[in-house]
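Asks: Residue strings, one per chain:
2 protein chains.
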Amino acid sequence: MIQVETIQELRSIVKRWKRENKTVGFVPTMGYLHEGHRSLMETAKKETDHVIVSIFVNPLQFGPNEDYEKYPRNLQHDFQLAASVSADVLFTPTVSEMYPVPIQTSVEVKGITDVMCGASRPGHFSGVATVVTKLFQITQADRAYFGQKDFQQVAVIKTMVRDLNIPIEIIPCPIVRESDGLALSSRNVYLSSEERQQALSLNKSLQLAQRMAGAGERDASTIRAAVLKQIQEQPLARIDYVEIRDPETFQSLTALTGTGLLALAVRFGNTRLIDNCLLEAPPL
Amino acid sequence: MIQVETIQELRSIVKRWKRENKTVGFVPTMGYLHEGHRSLMETAKKETDHVIVSIFVNPLQFGPNEDYEKYPRNLQHDFQLAASVSADVLFTPTVSEMYPVPIQTSVEVKGITDVMCGASRPGHFSGVATVVTKLFQITQADRAYFGQKDFQQVAVIKTMVRDLNIPIEIIPCPIVRESDGLALSSRNVYLSSEERQQALSLNKSLQLAQRMAGAGERDASTIRAAVLKQIQEQPLARIDYVEIRDPETFQSLTALTGTGLLALAVRFGNTRLIDNCLLEAPPL
Numbered sequence: 001m002i003q004v005e006t007i008q009e010l011r012s013i014v015k016r017w018k019r020e021n022k023t024v025g026f027v028p029t030m031g032y033l034h035e036g037h038r039s040l041m042e043t044a045k046k047e048t049d050h051v052i053v054s055i056f057v058n059p060l061q062f063g064p065n066e067d068y069e070k071y072p073r074n075l076q077h078d079f080q081l082a083a084s085v086s087a088d089v090l091f092t093p094t095v096s097e098m099y100p101v102p103i104q105t106s107v108e109v110k111g112i113t114d115v116m117c118g119a120s121r122p123g124h125f126s127g128v129a130t131v132v133t134k135l136f137q138i139t140q141a142d143r144a145y146f147g148q149k150d151f152q153q154v155a156v157i158k159t160m161v162r163d164l165n166i167p168i169e170i171i172p173c174p175i176v177r178e179s180d181g182l183a184l185s186s187r188n189v190y191l192s193s194e195e196r197q198q199a200l201s202l203n204k205s206l207q208l209a210q211r212m213a214g215a216g217e218r219d220a221s222t223i224r225a226a227v228l229k230q231i232q233e234q235p236l237a238r239i240d241y242v243e244i245r246d247p248e249t250f251q252s253l254t255a256l257t258g259t260g261l262l263a264l265a266v267r268f269g270n271t272r273l274i275d276n277c278l279l280e281a282p283p284l
Numbered sequence: 001m002i003q004v005e006t007i008q009e010l011r012s013i014v015k016r017w018k019r020e021n022k023t024v025g026f027v028p029t030m031g032y033l034h035e036g037h038r039s040l041m042e043t044a045k046k047e048t049d050h051v052i053v054s055i056f057v058n059p060l061q062f063g064p065n066e067d068y069e070k071y072p073r074n075l076q077h078d079f080q081l082a083a084s085v086s087a088d089v090l091f092t093p094t095v096s097e098m099y100p101v102p103i104q105t106s107v108e109v110k111g112i113t114d115v116m117c118g119a120s121r122p123g124h125f126s127g128v129a130t131v132v133t134k135l136f137q138i139t140q141a142d143r144a145y146f147g148q149k150d151f152q153q154v155a156v157i158k159t160m161v162r163d164l165n166i167p168i169e170i171i172p173c174p175i176v177r178e179s180d181g182l183a184l185s186s187r188n189v190y191l192s193s194e195e196r197q198q199a200l201s202l203n204k205s206l207q208l209a210q211r212m213a214g215a216g217e218r219d220a221s222t223i224r225a226a227v228l229k230q231i232q233e234q235p236l237a238r239i240d241y242v243e244i245r246d247p248e249t250f251q252s253l254t255a256l257t258g259t260g261l262l263a264l265a266v267r268f269g270n271t272r273l274i275d276n277c278l279l280e281a282p283p284l
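Top to bottom, those sequences are chains A and B.
Sequential numbering from 1 applies to the first sequence in my numbering.
Sequential numbering from 1 applies to the second sequence in my numbering.
Please keep in mind that the hints were generated in silico from the structure rather than gathered at the bench.
It cannot be assumed that every hint is accurate.
When chains are identical, the list treats them as one kind, so a pair holds in a single copy or across two.
[What the hints assert, rightly or not] Within a straight-line C-alpha distance of at most 30 Å, the following computed BS3-like cross-link-like pairs (lysine-lysine) qualify: (1) Lys18 x Lys46; (2) Lys45 x Lys158; (3) Lys22 x Lys110; (4) Lys158 x Lys110; (5) Lys46 x Lys15; (6) Lys149 x Lys45.
Quick caveat, the model's predicted, so the values are computed rather than measured.
Given the sequences, and given the hints that come with them, work out the whole structure.
Replies: Given below as structure tokens:
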């Protein structure tokens with residue numbers, strides 16, 4: 001695996017691959033890689049001829065009071081992890097390589113960005129859509145791999161790719177969890193042991209909701225109330241949102257008929273965690 | 001030359017070209033082709049291996065009270081003109097081919113779109129940037145050709161391509177004029193003979209401004225006043241804007257030091273015409 005820092009060098013590598021008629025898989029990340037990222041890279045490796053992993057903590061998608069400055073970084077560890085799954089290129093552009101002049105252009109996705117993380121983090125999805133468009137143009141990848149933990153992000157990117165006719169296939173991959181159920185996130189490193197223990201309530205409450213739906217509970221507010229109660233029992237938890245929505249349109253659901261998305265964002269101390277699952281109503 | 005109506009068919013043609021290591025030139029148009037378009041196609045033909053000409057009257061870039069419905073169309077004539085310069089593909093997608101579902105994504109360019117045509121036509125450049133991004137993704141062209149009559153449009157597209165790292169080169173081409181000086185535009189067909197006669201004042205006023213600048217006049221408001229006077233002498237002219245700006249930043253200029261952009265938009269009846277030229281201050 002080689003590390004590439006410039007757009008120009010990456011383009012020349014990809015050009016060579018394309019001339020050889022090879023397919024390119026792409027795993028965009030903000031680094032501090034974990035087993036969730038590993039599963040994306042492994043899937044990319046299986047499905048494409050060459051794999052590019054990017055590490056770029058994108059200032060555009062952080063709000064003014066968010067954790068851009070202290071977002072965890074560990075390039076040496078990331079290099080080893082990406083090399084261990086035989087990625088071909090680790091692309092690590094600097095901020096000035098990605099934004100050599102103040103950027104005047106943005107990619108905006110309407111509708112599905114008005115709710116959930118879009119409502120909690122104004123400008124976040126604009127920053128994500130813009131940088132992902134840039135990375136797709138730079139890598140010219142055939143397929144890109146994203147974790148379903150960021151369910152809304154995947155929906156935003158799929159919408160953008162469809163609307164702008166970007167010639168890439170978006171592959172959503174399952175959430176990877178610790179053995180005790182905590183969804184993997186680079187931000188988990190921020191948690192104190194007490195916060196981490198209480199954060200297990202997130203996955204537990206998702207499981208509770210799935211059991212309720214499986215047992216035939218179709219009232220979204222009843223399920224939501226049970227989830228809220230379970231999380232609110234943790235003294236350190238501050239709920240940002242807990243919502244049950246249509247997984248395609250992101251319209252709020254009052255009744256579970258087919259598949260619903262249960263998504264939540266909860267703070268423990270200064271750390272904001274997100275998690276989600278699909279709820280399947282059993283046939284009537 | 002073949003006519004292609006679907007994105008899928010165009011993609012498969014371009015894929016074949018790329019495998020053969022051929023370069024692709026692209027001339028995006030709204031049809032009703034004239035000699036200005038012909039010059040773009042001829043330049044494209046000289047500089048690239050294969051040329052795609054698109055005809056698409058993009059509803060996204062027209063305001064609610066603009067001329068989308070009555071924009072002139074003549075596919076038979078357009079086919080003949082594009083074939084006469086040996087374009088390879090005439091791409092004529094329908095609106096539902098380009099927008100199969102209501103589009104949720106837009107490409108926004110800030111700063112340079114706040115003035116001139118951006119101020120007169122809210123949403124116009126967003127519609128242009130979005131459809132051009134789509135067309136660039138579909139055609140995967142190496143070079144795209146635009147007329148300088150739409151000076152601000154070219155600047156918007158160059159900014160967008162730079163900011164989003166779209167792998168395409170934007171080639172601005174000179175304005176083509178009738179022998180009496182009227183800048184070619186598909187919208188000229190709307191003009192009555194009286195309006196067309198009075199519209200000659202646009203190019204005449206640009207020439208006057210160039211003579212003033214060449215003679216050492218550096219005060220932008222003096223030059224602008226002379227342009228306004230010449231146009232206002234035409235009883236049918238209603239001025240939308242006449243502005244002298246920096247051709248890169250589009251900041252308003254009070255004094256001409258290096259190169260200035262003189263740009264104007266004027267209505268004759270219901271027809272809005274634009275024109276522009278660069279003003280060069282002689283060395284001090």
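Asks: It remains to establish, for every hint, whether it holds in the given structure.
Replies: Evaluation of the provided hints:
1. Lys18 x Lys46: Answer is both: 18 Å inside a copy and 25 Å across each meet the 30 Å cutoff.
2. Lys45 x Lys158: within (21 Å within a copy, 35 Å between copies)
3. Lys22 x Lys110: Neither. Shortest intra-copy (35 Å) and inter-copy (37 Å) distances fail the 30 Å Cα cut-off.
4. Lys158 x Lys110: both (13 Å within a copy, 24 Å between copies)
5. Lys46 x Lys15: So Lys46 and Lys15 pass the 30 Å test inside a copy (21 Å) and across (24 Å) alike.
6. Lys149 x Lys45: within (21 Å within a copy, 48 Å between copies)
Taken one by one, the earlier hints fail for this structure only at number 3.
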